[in-house]
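Undergrad: Starting from the known structure of chain X, fit chains U, L and D onto it as the hints suggest.
Protein chains in written order, with the working numbering: chain X, 1 to 139; chain U, 1 to 139; chain L, 1 to 139; chain D, 1 to 139.
Hints are computed from structural coordinates only; laboratory data are not their basis.
Among these hints, one or two may not hold up.
If chains are identical, the list can't say which one is meant, so a pair holds when it fits in one copy or spans any two.
To be verified - With a cut-off of at most 35 Å between alpha-carbon atoms, the simulated DSBU-like pairs for lysine-lysine come out as follows:
#	residue 1	residue 2
1	K38	K5
2	K5	K135
3	K5	K18
4	K45	K5
Protein chains: 4
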Amino acid sequence: MESKKSERLAQMRAVLSKDNFVSYCGMELVDFHEGYAKITMNIRKEHLNFFGTVHGGALFSLADTALGAAANAYGTLSVAIACNIQFMKAGTAGCLTAIAEETSINHSLATYLVHIYDDDEDEIATFQGMVYRKKQPLV
Amino acid sequence: MESKKSERLAQMRAVLSKDNFVSYCGMELVDFHEGYAKITMNIRKEHLNFFGTVHGGALFSLADTALGAAANAYGTLSVAIACNIQFMKAGTAGCLTAIAEETSINHSLATYLVHIYDDDEDEIATFQGMVYRKKQPLV
Amino acid sequence: MESKKSERLAQMRAVLSKDNFVSYCGMELVDFHEGYAKITMNIRKEHLNFFGTVHGGALFSLADTALGAAANAYGTLSVAIACNIQFMKAGTAGCLTAIAEETSINHSLATYLVHIYDDDEDEIATFQGMVYRKKQPLV
Amino acid sequence: MESKKSERLAQMRAVLSKDNFVSYCGMELVDFHEGYAKITMNIRKEHLNFFGTVHGGALFSLADTALGAAANAYGTLSVAIACNIQFMKAGTAGCLTAIAEETSINHSLATYLVHIYDDDEDEIATFQGMVYRKKQPLV
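Extracted from the complex, chain X is given alone in its bound form:
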């Protein structure tokens, strides 16, 4: 059981390791299964905007990556088509964690809620995303 989980995690890590933007932004896959993913990103100076907080684009990228891992965990390619993010608190330092959970899935579409937390477990942003589920296998 545990070894199967490790294997799956290794496979998805291999997929994400080929995702240049995910690597470039320093995101890491902590856990995932079908319809669920947890991704972390240590805040680095490259993530900051001109007033010294994490750029909204970096926050969106983190949430979008969690959405992608949760949706692609089924083994077929899903692509984000419509996403919404609301920003609640500025991120400044430490590690950010995004948790994606599926709210619905059918043949062609699936929806996810993603919450981003900082080290104080305060919610930084809430993200809602919809994916289109293609038939082609992920790898």
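TA: Frame of chain X, contents of chains U, L and D only:
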């Protein structure tokens, strides 16, 4: 007139040059005035996701930066609070251009539509964003 | 040409006249063609919320109906899957007009921007919607 | 304690009873407290669109009313500024229930997630909303 425009552009470029994430992603301010901005980003391999198209987070970052330049052009700090993006076409190569235009503004809030185009002038993504207008000066 | 347009308008009016909620809210189809629609709604006391302005739900309904008319003008059923609305100005009296324009369309999905204006031609709300295009004919 | 809760519920019901659109659509406040609200709506033929399912505008209206009750429970006026809804399943018959929960609140802004369920406890739609918190008392 033209020299005043050049001066303003130089000032906003100076502001954005202090935005680490904007530099890190390779975005460039082409033009802006109050309520309007045009930002470009040459697609580089760092922007790509695991299936070889520009990561949704990189597209959002480009649109969010255009929103920020248009909103901050008034000289006081505006921060994005709620943003929505719909993805229409995958970006793969060439240069992406984001154009932000203001749809409303009042004392505390302002809204913007941002369209992202590729080199074929096809729309890649449509973005709708709302900012909260703080009273503090930008610099 | 003009008679063909009248005929199409009559057909879509017949479809919308079978839409109970559209009738119940007092909306009227003014014009439409593939990817475009214009719908009006005279503000009545039934549309108002407890503080005397048009309820956000009534505004969304107007925009969503414009989206539906624009998307269904192709003659096959399209259903809204993800919509976003930003409210800019309160509606209080007179007639509201929603104009929907297509921003993208492919085999399965299409996207629309809808602007709602009041009698002063001030923008009341901006709406962004995505539809899923079913294969079944509209009637 | 219980009598205080009954009193609060009666007050908010009085506020919503002055909301014409809420009455017109047949919504009912079941429960609420600061940052939380539960609203129901029995599906009637007036809510249906031309293909016989609940109009997206009626669903949005239900969610928006739940958002309003949760946000206005503090006793000062809050108005929705940016809302997003994703539709997952068609509503056809029975009673719909919307539950709004606060995800953040500060001096000027607050955010809410609203889930709409049908009688089978299937999620019909997920709604994310942001309000601007005015200083004026609700009544």
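Undergrad: Compare the structure with each hint and give your call.
TA: Hint check results:
Proximity of K38 to K5 under the C-alpha cut-off of 35 Å is restricted to the intra-copy arrangement: shortest distance 14 Å within a copy versus 39 Å between copies. With identical chains, the CA atoms of K5 and K135 are at most 35 Å apart within one copy only, with a shortest distance of 24 Å there and 40 Å across copies. When the C-alpha separation of K5 and K18 is checked against a cutoff of 35 Å, the pair qualifies only within one copy, where the shortest distance is 20 Å, while the shortest distance between copies is 43 Å. Taking the closest pair of Cα atoms, K45 and K5 come within 35 Å of each other both inside a single copy (34 Å) and across two copies (31 Å).
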